[in-house]
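Chains as they are written, first to last, in my numbering: chain A, 1 to 172; chain B, 173 to 405.
Keep in mind that a hint or two might mislead.
What the hints assert, rightly or not - Over 12 Å on every C-beta distance to chain A, these chain B residues come out as not near it, computed from the model:
1) Arg197
2) Arg209
3) Pro226
4) Asp302
5) Thr363
To be verified - Computed list of lysine to any residue pairs in SDA-like fashion (alpha-carbon distance at most 25 Å, straight line):
6) A:Lys54 x A:Asp138
7) A:Lys141 x B:Lys324
8) A:Lys157 x B:Lys324
9) A:Lys54 x A:Ser129
10) B:Lys324 x A:Ser129
By construction, these hints were calculated from the structure, which means they are not laboratory data.
All residues carry an ideal CB built from backbone N, CA and C; glycine is no exception.
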Amino acid sequence: MFSRRKDRQFTLLVEAWSADLFRYAVWLCRDRSLAEELVQETFLRAWKGIDSLKDPAATRSWLITILRRELFRVHGKAKLAISDVDTADLIDPDFHQGVGLTMELRKALDSLPDDYKEPLLLQILGGFSCEEIADMTDSSKGAVMTRLFRARDKMRKFLEASSSEEFMENQT
Amino acid sequence: MNCLEFRRLVTIDPRTRDKEALEHRRQCASCDAMYQRTMATETLLERAVNVGVPNNLGSNILARHYAEHTSRTRAWKRISLNAIAASLILAAGVGLGMKFSGSASNALPYYVLQHVYDELPLLTSTRPMDPASLQKTLREEHLKISHIENLKYAGACAFRNGRSVHMVVQGEAGPVTVLLMPEETVKKRMTISDPRFTGIISPAPHGSLAVIGEKQEPIEKVEHQIRQEVQWL
Numbered sequence: 001m002f003s004r005r006k007d008r009q010f011t012l013l014v015e016a017w018s019a020d021l022f023r024y025a026v027w028l029c030r031d032r033s034l035a036e037e038l039v040q041e042t043f044l045r046a047w048k049g050i051d052s053l054k055d056p057a058a059t060r061s062w063l064i065t066i067l068r069r070e071l072f073r074v075h076g077k078a079k080l081a082i083s084d085v086d087t088a089d090l091i092d093p094d095f096h097q098g099v100g101l102t103m104e105l106r107k108a109l110d111s112l113p114d115d116y117k118e119p120l121l122l123q124i125l126g127g128f129s130c131e132e133i134a135d136m137t138d139s140s141k142g143a144v145m146t147r148l149f150r151a152r153d154k155m156r157k158f159l160e161a162s163s164s165e166e167f168m169e170n171q172t
Numbered sequence: 173m174n175c176l177e178f179r180r181l182v183t184i185d186p187r188t189r190d191k192e193a194l195e196h197r198r199q200c201a202s203c204d205a206m207y208q209r210t211m212a213t214e215t216l217l218e219r220a221v222n223v224g225v226p227n228n229l230g231s232n233i234l235a236r237h238y239a240e241h242t243s244r245t246r247a248w249k250r251i252s253l254n255a256i257a258a259s260l261i262l263a264a265g266v267g268l269g270m271k272f273s274g275s276a277s278n279a280l281p282y283y284v285l286q287h288v289y290d291e292l293p294l295l296t297s298t299r300p301m302d303p304a305s306l307q308k309t310l311r312e313e314h315l316k317i318s319h320i321e322n323l324k325y326a327g328a329c330a331f332r333n334g335r336s337v338h339m340v341v342q343g344e345a346g347p348v349t350v351l352l353m354p355e356e357t358v359k360k361r362m363t364i365s366d367p368r369f370t371g372i373i374s375p376a377p378h379g380s381l382a383v384i385g386e387k388q389e390p391i392e393k394v395e396h397q398i399r400q401e402v403q404w405l
């Protein structure tokens with residue numbers, strides 16, 4: 001049964017977190033339609049468990065955990081391994097659209113191995129700590145720190161290379 | 173904390189609030205410069221990950237949530253009412269030896285609206301249609317469509333005891349559901365209304381046609397378009 005309090009709590013959850021969840025989902029599955037369906041399913045499942053949510057501070061990580069489970073349930077973790085699939089079938093044609101460096105950065109981010117990309121997205125999009133990311137991804141804190149270090153190092157090197165190319169182009 | 177530890181920590185988590193790290197940054201100009209460069213990169217990354225979000229994402233989620241719960245509640249009510257009605261009819265039939273027959277056309281608006289709520293995800297579906305599959309569906313239902321502007325979805329659906337062709341077209345106020353129901357006959361035009369949707373059911377050459385859209389939708393305009401572009405063979 002609907003209760004007004006529960007209904008209001010749910011509406012607030014949707015308003016507060018649907019956009020972040022969508023961005024996270026679209027980065028993981030690289031398909032905007034699928035991402036939207038995943039977010040819809042996440043909130044439908046969240047409604048069923050909303051009474052068990054005791055700590056409001058844990059809401060975001062709780063929603064992310066539901067979304068990850070839903071993604072793995074529907075598509076299987078194997079499908080997330082970029083190297084194993086034909087990415088042309090998965091990538092939304094609009095996904096890489098952007099301007100200049102932003103577009104290049106998106107491509108660089110997208111080319112990161114999932115083990116590196118996911119913690120980085122959780123940190124940048126969600127502002128999660130290493131401990132929280134470790135809990136959500138069933139990893140140790142040490143492993144998450146190593147992956148974040150490597151992911152960020154790769155992005156830094158990519159940006160340095162981009163800057164050098166831009167410099168060279170400007171010189172010629 | 174030394175420089176190496178600081179740089180490793182900032183590389184892992186540029187927004188760290190670690191007290192020792194903050195203290196080290198205040199004391200070491202070189203590490204502070206590294207921190208500033210890292211934060212500039214962080215801003216670029218934040219911009220890159222912020223992909224666009226679909227319009228009405230939140231309202232679509234709430235609409236689907238509302239619809240699923242409403243339809244479940246209605247389904248339970250329907251089951252309960254049907255059970256009571258069946259018991260009464262059975263009791264009357266057994267007790268008085270009477271035969272019961274009645275037209276269900278008065279309930280058609282209810283079933284149409286129920287169907288719209290049951291298939292609510294179709295309103296926001298962006299999956300491309302397969303033209304060959306669409307033509308096959310239409311042929312099976314003895315229908316032909318020359319061209320429908322803004323057609324977003326079309327497919328065959330089970331409807332009550334028969335079938336219907338379920339289409340979604342983009343209207344002025346949002347997506348509009350069109351049901352071509354060859355097996356549902358109505359004698360006159362009927363209107364449909366609930367807190368969210370408005371619509372009509374009207375007689376068609378074979379069966380009937382339902383058009384349901386958001387409250388502000390000019391339904392007659394969509395109905396006119398459908399009648400122009402659909403041929404009942």
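Hints, verified against the model:
Chain A leaves B:Arg197 outside its interface by the beta-carbon criterion, the shortest separation being 18 Å against a cut-off of 12 Å. In this structure B:Arg209 is not separated from chain A by more than 12 Å, as the shortest Cβ-Cβ distance comes to only about 9 Å. For B:Pro226, the requirement that its beta carbon stay farther than 12 Å from each beta carbon of chain A is not met, with the minimum near 6 Å. Every beta carbon of chain A lies more than 12 Å from that of B:Asp302, the smallest distance being close to 15 Å; the non-interface claim holds.
Every C-beta of chain A lies more than 12 Å from that of B:Thr363, the closest at about 27 Å, which supports listing it as non-interface. Using a Cα cut-off of 25 Å, the hinted pair A:Lys54 and A:Asp138 holds, with the two alpha carbons roughly 21 Å apart. For the hint linking A:Lys141 to B:Lys324, the alpha-carbon distance of about 46 Å lies beyond 25 Å, and the restraint is violated. Distance restraint check for A:Lys157 and B:Lys324: the Cα-Cα separation of roughly 44 Å exceeds the 25 Å cut-off, and the hinted pair is therefore not satisfied.
For the given pair, A:Lys54 sits about 20 Å from A:Ser129 by alpha-carbon distance, which is consistent with the 25 Å threshold. A C-alpha spacing of about 42 Å is found between B:Lys324 and A:Ser129, which places the hinted pair above 25 Å, so the restraint is violated.
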